[in-house]
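Student: The lines below spell out each chain.
Number of protein chains: 2
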Amino acid sequence: MATLESSAPHQAEAQHDLAAINQALDESLRLGPGCPDRLGQAMRYVVLGPGKRLRPRLVLMACRACGGDPAAALPAACAVEMIHAYSLAHDDLPAMDDDDLRRGRPTCHIEFDEATAILVGDALQARAFELLATRVAPEHAARCCGELAQAAGAEKLVGGQAADLCGAFDGATVDDLRAIHARKTGAMFIVSLRLGGILAGASEEQLTRLTDYARSLGLAFQVTDDLLDVSGDQQSVGKRLGKDADRGKLTYPELMGVDQSRQLVVELIDAAAAAVQPLGDAAAPLVELARKLQNRDR
Amino acid sequence: MATLESSAPHQAEAQHDLAAINQALDESLRLGPGCPDRLGQAMRYVVLGPGKRLRPRLVLMACRACGGDPAAALPAACAVEMIHAYSLAHDDLPAMDDDDLRRGRPTCHIEFDEATAILVGDALQARAFELLATRVAPEHAARCCGELAQAAGAEKLVGGQAADLCGAFDGATVDDLRAIHARKTGAMFIVSLRLGGILAGASEEQLTRLTDYARSLGLAFQVTDDLLDVSGDQQSVGKRLGKDADRGKLTYPELMGVDQSRQLVVELIDAAAAAVQPLGDAAAPLVELARKLQNRDR
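Chain order of the listed sequences is S and D. For what it's worth, the numbering used here labels the leading residue of the first sequence as 98, then goes sequentially. For what it's worth, the numbering used here labels the leading residue of the second sequence as 98, then goes sequentially.
Careful: at least some of the hints might be erroneous.
Heads up, the list lumps identical chains together, so a pair's fine if it works in one copy or across two of them.
[Said to hold, decoys possible] Calculated pairs, SDA-like style, for lysine to any residue (alpha carbon to alpha carbon, straight line, at most 25 Å):
1) K346 - D134
2) K346 - A371
3) K346 - R135
4) K346 - A279
5) K149 - P203
Don't read these hints as lab results, they were simulated from the structure. On a predicted model such as this, the values are computed, not experimentally measured, just so you know.
Modelling step: build the complete structure from the supplied sequences, incorporating the hints.
Tutor: Pasting the structure below:
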């Protein structure tokens, strides 16, 4: 099965990162007695279930690519994954995308209930900012909080989801779709890379490189997501497929055909690789991960 | 009409604060083109509607009581009001308290729709942290973000709402109810006072005083809230009354009777006043505001 795990020579590093992320997520969701049991269980269900951990891995990889210690970026890695996980739990709600399957398991409001799924999302967002504010180097904490808040907010992540839901898409173009995904997916990819860079003490020039990489990678990821919805294997993808088309959502394959969409992925991956080339050998794992997207099947 | 507006001699100051808060909230909700119109309108509807602005006023009052410039605390005042407003929009949802009236107007999911009400809450929480991270003095920003995130999270605000919803209250005591409200109401009162103090450069001793004041005030506020639900005037209160009892929610009047609840309010107000007495004359407006709670009718 082709996944987003990196192959040799960086496979050991990738596996180490994944294990470190899962352990840090687990530890950061051991909540105090003030948290009701059911809420705490649901938070852990939403975050600790199977997942690619793509965004938190990008945080660590960006940190390493800029010469930083990835361990120092672990709280930021957990923070972006918590924002991502909360947004999925809310997107899956009946009032939104109404999905009952996610990562091969019942979605949060099916496994628990709607009220819990709403509160889980709210609590995970707060926890993300708590981690960033209190667990990363104090000199970078406020900047990290500010950048994550902007990426997660009304003009980016939430705005993209709101625009996607509106769905007045008659006559929409690829540019319109790209604008939605720049917010809905791109912003969180960008902030993942940037937080890793910031915590490594990266220069503004390095941060710009990471941002360009993330913009292309995020879009490539979204196009492959749309391609999987059309032609993926449900067992492997772990969520219901064909739903985007059913509910009249705009997708790349629909707008530009499957072949052209695949071609777009290739171009975006090349652009991502070119963006981080100036960072040198340290950015090789980022390039490798982008190349892997081409064979993505989940 | 007896409200929570302060009377002379601090009335002019209170009115000035209120105007400054409303203007700052308005300015901080002028969002960029990335924010879809409907989402932006709904965010403004939820935050800028009529409201007492009690929590943001407490931020400014605490800042002034510790010798700080309240203008420097305005972003923090906006942040706590946004967290408060988002939590109300989510609490009102059909899956939660299912309320259709709030502050005398249709709740957000009635005026807009459920998906918008969910996203509005998500975006407001992010905006609160963005303001704190980017608009307060850099040396205090991370601490402010951390304290607000904790107050708004799974162990406090969200946890209190989750516990309140569970509602397995047979045999519950006043202590149980107090524990829920310490999280659901108290934590946001406490962080409001503390952020104002932190931004004034308050000492730990001063912050402890503010915390003790806020704990008593928050509880007194909740008891008067319960009393209004039993005996208030719906027109004046601006939300449906008698619903707590209808849905089997635990309230102070039910547990200890109306007279004893009123007596508890008096005791809590005295405790709040005593807590900030060591701060001297600068804390007089805080004492005055607490005393006003006794005659609260909305």
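Student: Hints first: check each against the structure and report whether it holds.
Tutor: Right, here's what the structure says about each hint:
no.: 1; hint: K346 - D134; verdict: between (37 Å within a copy, 20 Å between copies)
no.: 2; hint: K346 - A371; verdict: neither (31 Å within a copy, 60 Å between copies)
no.: 3; hint: K346 - R135; verdict: between (34 Å within a copy, 19 Å between copies)
no.: 4; hint: K346 - A279; verdict: within (16 Å within a copy, 44 Å between copies)
no.: 5; hint: K149 - P203; verdict: within (17 Å within a copy, 41 Å between copies)
The structure is inconsistent with hint 2 alone, although it conforms to all the rest.
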